[in-house]
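> Chains as they are written, first to last, in my numbering: chain A, 1 to 101; chain B, 1 to 372; chain C, 1 to 650; chain D, 1 to 163.
Because the hints were derived from the structure by calculation, they are not lab data.
Certain hints may be false.
Claimed, not checked - Listed next, the in silico DSSO-like pairs over lysine-lysine satisfying Cα-Cα at most 27 Å (straight line):
#1 B:Lys146 to D:Lys161
#2 D:Lys79 to B:Lys321
#3 B:Lys146 to D:Lys79
#4 D:Lys79 to D:Lys161
#5 B:Lys146 to B:Lys67
Note that the structure is predicted; figures quoted are calculated from it, not measured.
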Amino acid sequence: MEALTHHALLLSLALFAVGVAGVFLRRNVITVLMCVELMLNAVNLAFVAFSRSLGTLDGQVLVFFVLTVAAAEAAVGLAIVIALHRNRDTLDVDAFSLLKG
Amino acid sequence: MTPLMEELLIAVVKVLVIFSVLLTLFSLMTYAERRLLAFMQFRLGPNRTGPYGILQPVADGIKLFFKEEVVPEGANRWIFVAAPGVALVTAFLAIAVVPYGGPVTVFGREVSLQIADPDVGVLFIFAVSSLGVYGIVMAGWAANNKYALIGGLRSAAQMFSYELSLGLSWVGVILLAGSFRLPDIVEAQAGGFWRWNWIQQIVAFLVYTVAATAEVNRTPFDLPEAETELVAGFHTEYSSMRFALLQMAEYVNMITVAALGTNLFLGGWLAPFTSLQSLGGIDLGLLWFAAKMLSVLFFFIWLRGTLPRFRYDQLMQFGWKVLVPVAVLNILVTAAVVVLLAGSEPEAEPVAPTEVGLRSPVLLAGPAGALG
Amino acid sequence: MPEAILEDPILNALPFMVLLLPLLGFVVLALFGDAIRREGRSFGACVLACVTVIVSFGLAAWSVVRLWRLLPGHDGLRFAQPTLGRGLADGLSWIDVGGLRIPFSLLLDPLSAVMILVVTGVGAIIHVYSLGYMAHDEDRVRYFSYMNLFTFFMLLLVLGGNLPLVFVGWEGVGLCSYLLIGFWYRKKSATDAGMKAFVVNRVGDAGLILGMVLAFHAFGSLDLVDIASNAGSLAPEALGQVGVVTLVCLLLFLGACGKSAQIPLHVWLPDAMEGPTPVSALIHAATMVTAGVYMVARLAPLYSRSATALAVVAIVGVVTALMAATIALVQTDVKKVLAYSTISQLGYMFLACGVGAFGVAVFHLFTHAFFKALLFLGSGSVIHALGGEQDMRRMGGLRTRIPWTFWTFVVGTAAIAGIPPLAGFFSKDEILEGTLLAGERGLFAIGLLTALLTSFYMARLLFLTFFGRFRGDHETEHHIHESPWSMLAPLAVLAVGAAVTGFVEIPAIVAPAFRFPHVEALHVAWLPYAATLVAVAGIAAAGYLYLLYTDLPGRIAASLRPLERLLQARYGFDEAYGWLVRHVVVGGSQSLLWKGADVALIDGAVNGAGTLTLAVARMVRTAQTGFVRGYVLVILGGAVAVLGYLLWRP
Amino acid sequence: MIDAVLFYAFAALALGSALVVVGQRNPLYSAFALIVTLVSLSAIFALLGSPFIAVLQLVVYAGAIMVLFLFVLMLLNVKPEGDPPAGKGVLRTAAFLLVAVLVAEVGTVLWRATARVPPVFDASPRRVAHLLFSPQYVYVFEATSILILAALVGAVALARKET
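Sequences and hints are given; from them, build the entire structure.
Here's what the structure looks like:
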């Protein structure tokens, strides 16, 4: 079991790294959002693994909250994506640079 | 032979048994549906193959086997191929945790009549059935056919909307039983049909019936495959084996829903009168269960024979503005009652810590089902 | 203080209830005033206001009695918080910074006991009176809400256990005074008067604040009890020696001057008569204006350590007394006469404080509250009868027309003039005696002279108003009518009070509050006779001039034109101040503060900040590429850095 | 034993599909791959003895969030990305360096971490719920409900066509 939890942590690390990489590799907003979800899941995995190895349940509760936040984030994020697509007719992250000072 | 291996063996055996049962049931359903509809519409229906056309399903099977597989031009091959599998896997995964009877002893060994019994049973079903959408969406999208796509999106939206009230309708029952495990829920209804949940949870029961019908895209909620509007909906482009698989998924879902409803509201394998639970020492649980489940299935067919189809906006309106509020209200009332009767918040009797390993069968069940 | 007292739950709660009831009334009226008015329920609301004050008077009386029974001859109790709040250590802390800790603590000792009785008692009476007086004002709900608020603040002022709390009450009553003077805000003179009062008081309050700060700096505490009990250990400062104690006392006294209308800050009180008469009676005669006296008396132990401060207090007091009395001679407006009389009487009280007879000062405060309130209400009744007429020259002969008012007024006049055995006689007598005992013959002489003047102008007021024949027009004469019972009953009650309060041995009662033993004044045998003689003389003279030979005053005035003009000009204080403000303040502000400080410094700084920000922003904003993943990169870098720090932290 | 097998199988599946998510240019494929990742993660959760979370993972992520993604993708009919424009190389390399450092750091953390696991571990819904609704977390829980509400309104307001 020790090995499993420990390797679970390693897996979460790998997933997180992949997610970060994705944010930089992909230019499609939606894909970027998905990469963010991926990172969140990596974190969740870490939580669960720790919860298991520490024998406490707080990790699971935290995962619960992460899920909630992720749901909210996805909803709003996708709504924004739709709005963007409606107005700018593109989903390329780099196209949205109106904030350029 | 280590206990784990035994577990595994039993699991596999169960999987195989239930799988075969489902196959037969599925084929019988197709037959029964056609016959009954015909009967309701003063037709004869299939009656050539074998006595009363009983062999019709077999004939269909064979036909479908030997038909050519068509993957339409411009379709997204991978997804097109994957879709039926996904649909089926989710269907089987769901049914994997549905019990068919109380624990029985085989070779002096306690065996529960259910592939796997996680203590999150109901939730698991909910989760898996929420995956069911993908099969349809994928099928609809991959075919690169507008009817299919519309059908897919429709059904996705529909399942989405009605899953909510479906799940909510369970909560009342769960509250009463105080457990997610289906066996517990059934046992909680022990003692005569008046103790079954469909009495004290009548609201939830009605909500469940409606939502379940919608969930499995049956009339009057069969918009995703509304022939008059979208040819055949998401499986317009499917033919031969894959078509069969999709059909099968549909029916398995239907069976799941029926079985689940039986367990949740109709007292599962319990007899209407405790005296009838067993005859001459033989437990009749399975029979009762089958009887109830089949009658529910009949009810579905009956509906199809009776009701017209909803309009899409009506469907959505109804789902969100009627079913959900009602279900929530029911939960509130039930919770209040439970708390009041319990006097105070029920103390958590420490659940016996279960070994982690025992949960793997759940995960086996799915692939196993898909393998078939 | 013995724990036994604080353990008494009722006694613990009472002061707070006394304090909060009027506030409750105010809140109700303030929140629902308009609704009530629209409902046409104004009268009920006003009754509610009265009830709150009356009840709180009852509670005050109860608490005082209880206090006495519990601990005879004690020197006061601090009330941390009502029992319901017992959970907290000692009172909710209002301010708690560094060494400064200011709880919401109330102090109920003989002094504040007397004060709350006066405030709630007289207050209640005047509230009732207002019922009749304001009956025809459609805005009377607002009026009563202000009155309740005032009562609350006044109680806070006298009950406050530490200077800041007292200060809150102090400012609060100032505010209410402003609101009530300008109650008829459509009358410009009224609003002006309100503002004048407010501004003049600010001058005093500046002194008060400085005094408080200095006091905290010097004594390390603002708790009244602490200050009082620590004062004994302070080194006494001789006459002409200005140490910290003197400084504190003088600064605080400046505040007292403002509130109690002492020279040079007395100018606001006469104008304050623009307000409704009951207001003048409650705020500008009985309670608020005596706040200064109360504070000085409250800090008696402190003042008695500084001869200089006492001297200043005494001199200011006596000068004010004399000057106000002289001005009162030539006033023709009923309320103006009373106003100056009030100033003069307050001067008397400060005189008493100045010669160390604090108890006597409070005594006079006590009696004065009654007869001056009586006089004001009486004049109010007169004005009411004459439909708003305030000029004595158009009055006269009302004796028979409004007998109740007349007789009560007579009592009040006799009381203030010092005719035994009425209240004024005793208190004034003791003040004069105090000056004698202090060996201040000069002060004594002036005091006596002032007494003469007092009885003279009061008698003049009485005669001009009630005797002779009516000098107004027929219209008003036709409408003359006695006031309703709701106004007469208070007059009667106050008349009784003015008659008998002299027998209450206030000095002996409040003595413990001053931390030094009450010296039983060895009575100067001849003084009472002299005082009475003086009073009678004044009245006689007034009668001679204004009843028998009514043309005489005019000729005297003509013969003493310059003096008369000086008095009419009220010694030219207003003009002087006006000139000061116009030329010095305004001019200085324009040339120096506005052109110099405001434009050059402040605006310069602000604009400079603006331009600076712009310049910086122009540089910084290049970092804002608007390129989302650039930001993400930065975030990632931050995460890496933080994690790295956590890992390989030294 | 069988747990271990399943674990590594699902771990491999998760990692592989995650790589597909990132490597794939067609967002739709990424979405499907991500679904696979999520499901296999849920399986891993179950294996780690957290059935409740596992189920939640399915319901919320696979059941709700990803459906949303698919919807949007199909609704907007998103096309695969074209070739990346040149010149963003700097950023990319920097990103990779940082990621590498991050991995190194977390790696060291894990390296230092000592794994000792209680033999029995009960994460039954009941116990999780008891913790979740204990004073310790209940306020946060309520707060999240507010958050959801806000997100709901926000999403509607954003996606609605201005009429």
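> Look at each hint and say if it fits the structure.
A quick look at each hint next to the structure:
1. B:Lys146 to D:Lys161: Distance ~24 Å between lysine 146 of chain B and lysine 161 of chain D Cα, so the pair holds.
2. D:Lys79 to B:Lys321: violated (36 Å)
3. B:Lys146 to D:Lys79: holds (17 Å)
4. D:Lys79 to D:Lys161: This hinted pair holds, its Cα atoms lying about 23 Å apart.
5. B:Lys146 to B:Lys67: holds (24 Å)
Checked against the numbered hints above, the structure violates only hint 2.
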